[in-house]
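Line by line, the protein sequences are chains E, U, W, R, P and F.
Okay, so the first sequence: first residue is 4 according to the numbering used here, each after it adds one.
Okay, so the second sequence: first residue is 4 according to the numbering used here, each after it adds one.
Okay, so the third sequence: first residue is 4 according to the numbering used here, each after it adds one.
Okay, so the fourth sequence: first residue is 4 according to the numbering used here, each after it adds one.
Okay, so the fifth sequence: first residue is 4 according to the numbering used here, each after it adds one.
Okay, so the sixth sequence: first residue is 4 according to the numbering used here, each after it adds one.
Everything labelled a hint here was simulated from the structure, so no lab data went into it.
Take these hints with a grain of salt, some might be off.
[Stated by the list, open to error] With a straight-line cut-off of 20 Å between C-alpha atoms, the simulated EDC-like cross-links for lysine to aspartate or glutamate are: (1) F:Lys321 to P:Asp66; (2) E:Lys188 to U:Asp174; (3) W:Lys188 to R:Asp142; (4) E:Lys321 to W:Asp95.
[To be verified] Just a sample of chain R residues kept apart from chain F, beta carbon distances all over 12 Å, derived: (5) Gly121; (6) Gly185; (7) Asp216; (8) Gln219; (9) Leu220; (10) Ala236; (11) Phe267; (12) Arg302.
[Said to hold, decoys possible] Partner residues aside, some chain R positions facing chain U, computed with beta carbon under 10 Å: (13) Phe8; (14) Trp308; (15) Gly316; (16) Gly322.
Yeah, the Cβ is synthetic: ideal placement off N, Cα and C, and Gly gets one too.
Number of protein chains: 6
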Amino acid sequence: MSRRFVEQLRDGESLDEIYLVTDKQLRVNRNGIPFIQMELRDRTGAIPARLFNAGEPVFRTFDNGDYVQCEGKSQLFQGGMQVVLDRLEKVDPHKVLPSDFLAQSEQEIPKLYERLRGHLHRLQNPHLRALAECFLMDDPFVRAFTTCPAGVKLHHAYLGGLLEHTVVMMDIADRVVPFYPGADKDLVITGLFLHDIGKTRELSFSKAFGYTDEGQLIGHIPMGVEMLTEKLAQVPELTGEAFPRELMVRLKHLILSHHGTHEFGSPKVPMTPEAMLVHSIDMMDTRMHMILREVKEDRHNPSAWTPYNHTLGRRLYKGGPNGDLYSSDGGTYD
Amino acid sequence: MSRRFVEQLRDGESLDEIYLVTDKQLRVNRNGIPFIQMELRDRTGAIPARLFNAGEPVFRTFDNGDYVQCEGKSQLFQGGMQVVLDRLEKVDPHKVLPSDFLAQSEQEIPKLYERLRGHLHRLQNPHLRALAECFLMDDPFVRAFTTCPAGVKLHHAYLGGLLEHTVVMMDIADRVVPFYPGADKDLVITGLFLHDIGKTRELSFSKAFGYTDEGQLIGHIPMGVEMLTEKLAQVPELTGEAFPRELMVRLKHLILSHHGTHEFGSPKVPMTPEAMLVHSIDMMDTRMHMILREVKEDRHNPSAWTPYNHTLGRRLYKGGPNGDLYSSDGGTYD
Amino acid sequence: MSRRFVEQLRDGESLDEIYLVTDKQLRVNRNGIPFIQMELRDRTGAIPARLFNAGEPVFRTFDNGDYVQCEGKSQLFQGGMQVVLDRLEKVDPHKVLPSDFLAQSEQEIPKLYERLRGHLHRLQNPHLRALAECFLMDDPFVRAFTTCPAGVKLHHAYLGGLLEHTVVMMDIADRVVPFYPGADKDLVITGLFLHDIGKTRELSFSKAFGYTDEGQLIGHIPMGVEMLTEKLAQVPELTGEAFPRELMVRLKHLILSHHGTHEFGSPKVPMTPEAMLVHSIDMMDTRMHMILREVKEDRHNPSAWTPYNHTLGRRLYKGGPNGDLYSSDGGTYD
Amino acid sequence: MSRRFVEQLRDGESLDEIYLVTDKQLRVNRNGIPFIQMELRDRTGAIPARLFNAGEPVFRTFDNGDYVQCEGKSQLFQGGMQVVLDRLEKVDPHKVLPSDFLAQSEQEIPKLYERLRGHLHRLQNPHLRALAECFLMDDPFVRAFTTCPAGVKLHHAYLGGLLEHTVVMMDIADRVVPFYPGADKDLVITGLFLHDIGKTRELSFSKAFGYTDEGQLIGHIPMGVEMLTEKLAQVPELTGEAFPRELMVRLKHLILSHHGTHEFGSPKVPMTPEAMLVHSIDMMDTRMHMILREVKEDRHNPSAWTPYNHTLGRRLYKGGPNGDLYSSDGGTYD
Amino acid sequence: MSRRFVEQLRDGESLDEIYLVTDKQLRVNRNGIPFIQMELRDRTGAIPARLFNAGEPVFRTFDNGDYVQCEGKSQLFQGGMQVVLDRLEKVDPHKVLPSDFLAQSEQEIPKLYERLRGHLHRLQNPHLRALAECFLMDDPFVRAFTTCPAGVKLHHAYLGGLLEHTVVMMDIADRVVPFYPGADKDLVITGLFLHDIGKTRELSFSKAFGYTDEGQLIGHIPMGVEMLTEKLAQVPELTGEAFPRELMVRLKHLILSHHGTHEFGSPKVPMTPEAMLVHSIDMMDTRMHMILREVKEDRHNPSAWTPYNHTLGRRLYKGGPNGDLYSSDGGTYD
Amino acid sequence: MSRRFVEQLRDGESLDEIYLVTDKQLRVNRNGIPFIQMELRDRTGAIPARLFNAGEPVFRTFDNGDYVQCEGKSQLFQGGMQVVLDRLEKVDPHKVLPSDFLAQSEQEIPKLYERLRGHLHRLQNPHLRALAECFLMDDPFVRAFTTCPAGVKLHHAYLGGLLEHTVVMMDIADRVVPFYPGADKDLVITGLFLHDIGKTRELSFSKAFGYTDEGQLIGHIPMGVEMLTEKLAQVPELTGEAFPRELMVRLKHLILSHHGTHEFGSPKVPMTPEAMLVHSIDMMDTRMHMILREVKEDRHNPSAWTPYNHTLGRRLYKGGPNGDLYSSDGGTYD
């Protein structure tokens, strides 16, 4: 029987399903009787839940971050859905399918991965192609790279997000580089592949999305350079030649400068055509992804404007009441 | 007989050619004998020139900005070329081919223009297609738009630069928009066409590149909105329908927000997916053009680095002595 | 019988009056019985209200932004006034006097308007005087201009605020321009008249103060330039002469630069004496209005300081306990 | 016989006059014969001068900053005036009228001073009036205050500039304060009087305009507070009462906050209506003075634009070729 | 019997103790019965408290900021401690030991003061030593200086904090100045002593920590200069000589520039070696104090990171689960 | 015979010495006779030189950056020293003592190195001590580290500068860390040792100070992390244990955050007490070094102020005419 996801729950239905707990609180009502309040989550969203007549003993049987088997009923309350629980029991995390609980790319990972491999196999430069091969032969790396989100909240914050972000950027580069003779396509493609690989170490994404301690203290940019250095040491085994020093320096520069300015955490600004192109495509894809997601998530809200977004520092315009670009309305004094 | 350009002059050759005068100065030598010093220019560069034994009467026969017939000799002096003049006479500007004196796009204008028309004719939305048609039917506009540079110094600073910049951006949009379903391609293409049309009024480019008074006091962004408003009034004649109000607002927003932030002179930040895409492509093309031109102009300089560029706030790396990405050199202590 | 305003309500009085609803919420009490909570507003302020024993059917009969006839009782609760409703019914907005619900200038609009007309009639330059006449003959414009607030929240946020702000600035210019020979008074006066006219299209103010979609996407600065362009086309009918091109450019520059810097949304910085004076007077009047309003609204609070104001980034000093500038108190260690 | 000022010198006239020397240099011509080059200055400007056939012995008889009696001839050279000297001799600075050498206000100092006294005598508050009296009774202060420039270069950089700046601001306040009931006029007038008094100690202006060491290390804002503190100690002798503590604090705050923001060197931002008004009038007068002076000094230059001004970060528009606001020219593609 | 501090209260104990009240509110429960809610504070922290069945008459018997005798019971509720009161009565503030209610330095004040005196007595320069003596002979000053906190919230926010901060900086200077020959140690030591003396007038610290009105309007930097000026007038009585003018200017500069930049409220940037050293040591000590306090206060929280700190704009890393620098854990994909 | 340094040359002395050539130019005099102009440099400064009657053949025998044997005469000319050459011949760079041509630390390198070793040997933590040992055993590293300057121009720009900067910071840390219990001294000392090691690869310093290509594209911060990573791999051979992962992360964080903010090129801000201390000591030492050098280099200039320094954005005060802190002069109007 298929899983009942949070976004599918409707008024009045019975419930017996596993969710992830967050924000648990022990409260008492006006008559002094305790109850437990929490949020239940899966990859489709979160819903408030209450277990009445339950005190500290039950409260201690589970923690935020645990998976719990929930029995009860979902109901409409004050215009939103909530769950009233009858019973709640912690379950072994290994019995759970993580992909049910973490947001995932809407695209198929194997297909994205094939596009990635295609781009890397088409590299002309033998050193760069061998470097890519060293990464692709590293199974733990490939597993991490194809699973990792590209961010915790801001953009591509879902499993497979890093892969999706990277592949789309490569596809764009394929089409855009020809307009800029003077920029080396192999370098751009390799730079896009490498630019965010450090996120596989900066982020934790096995249970919920967050930063590793190491990630917070070092950051994905220096981590990416380190991962590149590790792999560069293996290339000569494939090619039988030393990896060219200047090429190595250019690759590191692509990673180090991809945020574009010091203010955004890049220790170097782009100083080659390829570095500027990697940075420009990254900016474009990141911002477009944030904006389109913002608009999409707010699509059921009848207002013409999304709520204020603090990262972007603005609200976005979704358009007139009919979702129609070409309606004639609005009005001024005349 | 073909013209002798500034960049072709060699040591010891006789000269009888027209140049543009700038920086003229009346000086006296140690013996009190006056001479005239100036720069002679055409679209390929500038060269210092002197007319000895000439005083104020001659000095007054021409002005900076005049075209002059020059007779004399070119010679090597202190490591650079200069011209020693025997005679100099002002000529009627109408006898001159402006394209000899102003830098020009290296691409063929008629071909670029065909690409522009192609993009505009492929617009699906009838209102936008009609709007584009109104611009294309306006001969003075087309003449200005296909002649105007995109900037005075920073990027695409040559005749046809605005057209070239616009067409390349449209080509890129053609390839990039499909990655962002949720962004309307017709709006993006039209926005790119319109984003810098105000430059045809902001800049003067008949003789040398500069700003019109009006351009400095108003700027190409509000000027572009005005030009759009003028044309929008003509569209209903073609379509038989009122131009949709919301569509008009969106088009104006695309022009007003294309610099991306207040700091760069946009009175509005991008608030629609299309506005963000127009801005992102503009940033990418502008920066790539600046960087590649910088590298190209410095290609004969043996240094691995271009001179410091104040607009970019950096030097650019051109690469190792062989222009070869894959040489093995450089060195640290080990 | 005169209206009972929010700020007049006292403990224990019966109530039968129309208010504007905002922030309505459906809640349940501990016994599971639903009640409705909302805010009731008119131009003098807002008061919380509750309708007990009322559920979703009633909740759906009205919306935020509706006018409702309210029966019930006002009472003191936790140190503040609230309303307990017995009944509540939506009323036709046309039966309502908008001026009861939107804040209004404390000054008489007709008198302010006479001062405005006086300033414009005293213009010496015939083109500018004719331009002003074109605006004054446009009834919908005059109605909007004399009704519109100057802002949604920050300053002059009341009906007539734009007119009041404009007229006070003109009065000040009248007195200040003579100190700056070299600044043209006619240009300054016309610039002040025009600087915020775009707000009549940027803001919506028929029911509650907000931004129109068009206002958010375009902004009052480009909108003001457009309104000016429209009217400039009518001037030659009055004067029989073309409107001087340079004068037109200077007027547009006054509007475009009046925020003073790019950061504050002006696409151009002031480049003429008149533009700098328009900007300086606008800054002075705007800030003084914010500060004096802040102090006035907090006058009943016994603290020597107003609450922190986020727009100003500071608290304001209202003065010693007696409201007396000249008391002797305060104290340090000595 | 009246003095021959630098700006009056014409081609071919004989010269026997005192000037201030700056930028002296010892040079040799191509034949190895030394000559001395320098600039001669008075309050109307500077002119280059040469003394041929003069070597180190003469070079040592005078220094930059000395006054010298100059005999020779003025002549036109390379489009500018210069002086060829026959003889040059240092003179006793006491024989010189300083006002011939330092720029001066174009307004009459005694009249400005009367306007200042008028404003101060009209103060209603007895403590403030007595405080003003203490300053006016202090002859060295009055001498300094009526002589001091308001700046070294940026604005009002001439003898009497501080007085002129202060009095104009007071005149403006007289006319503007009535529009802001809630701001105390006595405080504003006194604040304007005090705001820059520290400049009398920050600047040196006996020979050339500069900063005192103390001025650079402390600045006119803290210096002004100190001068106020000194004078406050004398007030009770006049009034027979302690000076009110709160009033003292408010006055210091007016001085400390008059630059408006930390960035411009104010340790406090304006937190009272009077402080905001003092700051706003100061900004307006300072900027208007800079702009109008810039335009005026460039009035003989035929360009429509002043040269780039680094303090303002812009060029200023002076207007069309006829200095006429209402000419019809300019031109775009149509 | 010793006092029962907030941080000592445990579940289920009876209470009869004095606390400081803040945040008092009158509320009603669902049955309409009023109760009073407030926070009780002493120097060790704050705890929520409720007095049930008490209405407006009781509510009016005390105010925020009053000391109250509290009878009742402490209990664990929802994971935190709270107090349920039976009775509450305002007490005379003179019966209270202020040091029970304000946070205090953990170091012994008399010992810190001895270290301060030691530093000042070791000054070599007789003028500076005499200046220091004038401060030390001023009992009210010494009392204030040894009691005052160094800040309201950010760092050293406890009684004695200013003294502790000053003495530690002097100790550091003692050890650091020798590395910078060219910096005068006497000036550095005196500068450190003086840099924050203005805080004794800027802050109020008799009951709760805050700013005096005067402190907010003037600030501790100008106040410190004033206090220095007052004392400088007394020095000649001790030394029999005028205080050297340049030395005075240098001392004032040390105070005025110690925040390092305009942005942080210094009207002057450091322009002498001593000023730069005073500023650098102040920055180091202030930041180290904030960071170490943040880490210490969060030591019982099992997370490896402190909560986000808005002043620092970051979270701080406390380290691995064992508080052990040298554990081996963490994990990435490999 | 000892070398004749540039700063020792006096009027009229004969010269036969090796210098480094920069800025060579071929010129002609008024009679058309060519001469060569250049600058001669050694570690004490630069002096202009001319070789008369020498044309292109000689001009081509040497380049900027070459060492040349110079015969001729030094003479005073226009108030400065210059050299008139009789003969000039390129010499083999290996015959030259580089230390004669590059500025050097005034301290003895072996003594500084001993202090460095002392600090590292006193580390308590065995892993850190072993790590330091791995660096000290690496001869090429030690040679580079003890030779490298700490900067190209701004501070410690001389051979041995990096060592001197590092050792002084360690000495300071030794004295300062005890004031901050909660900061681990071993980590601070190791962090200071490591913070700038990347400069040995970022800078080139064999002939003149500059950046390597690699240094410009990557920067010393990521380069330092790489060098650390390389050495960390060797530690287990010494200790027989894995290097603790958390300790490794903390060390990298110390390097990555030592510039304190993103704006200054750190990809991470300090998030541990040790990182804040490393950053604070680095800021202090860097700024103090710049200021004291600036004052020292200008010590012979009679002005009380150094010239404007663009990096610091200020002039520095050196003090009164007698170099005496305690003179009584200066003067204001009183």
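For each hint, the structure was consulted:
For the hint pairing lysine 321 of chain F with aspartate 66 of chain P, the CA-to-CA distance comes to about 57 Å; that exceeds 20 Å, so the pair is violated. For the given pair, lysine 188 of chain E sits about 18 Å from aspartate 174 of chain U by alpha-carbon distance, which is consistent with the 20 Å threshold. For the hint linking lysine 188 of chain W to aspartate 142 of chain R, the alpha-carbon distance of about 40 Å lies beyond 20 Å, and the restraint is violated. Pair hint lysine 321 of chain E plus aspartate 95 of chain W does not hold up; C-alpha atoms about 30 Å apart against a cutoff of 20 Å.
Listed as a non-interface residue, glycine 121 of chain R keeps its Cβ farther than 12 Å from every Cβ of chain F; the least gap is roughly 23 Å. The beta carbon of glycine 185 of chain R sits about 37 Å from the closest Cβ of chain F, which is more than 12 Å, so the claim that it is off the interface holds. Not every CB of chain F is more than 12 Å from the CB of aspartate 216 of chain R (nearest about 6 Å), against its label as outside the interface. Listed as outside the interface, glutamine 219 of chain R is inconsistent with that label: its C-beta sits roughly 7 Å from the nearest C-beta of chain F, within the 12 Å cut-off.
Taking the minimum C-beta to C-beta distance to chain F, about 6 Å, the non-interface status of leucine 220 of chain R is violated against the 12 Å cut. Residue-level check passed: alanine 236 of chain R sits 15 Å from the nearest beta carbon of chain F, beyond 12 Å. At roughly 15 Å, the least C-beta separation between phenylalanine 267 of chain R and chain F is larger than 12 Å, which holds for a residue marked as non-interface. Every CB of chain F lies more than 12 Å from the CB of arginine 302 of chain R, the least distance being 32 Å, so the non-interface label holds.
The closest approach between the C-beta of phenylalanine 8 of chain R and any C-beta of chain U is roughly 26 Å, which is over the 10 Å cut-off, so the hint fails. Of the supplied interface hints, the one on tryptophan 308 of chain R holds, with its beta-carbon coming within about 7 Å of a beta-carbon of chain U, less than 10 Å. Given hint, glycine 316 of chain R at the interface with chain U, is violated; its Cβ is 13 Å from that chain's nearest Cβ, farther than 10 Å. Interface restraint check for glycine 322 of chain R: the shortest CB-CB distance to chain U comes to about 9 Å, inside 10 Å, so the restraint holds.
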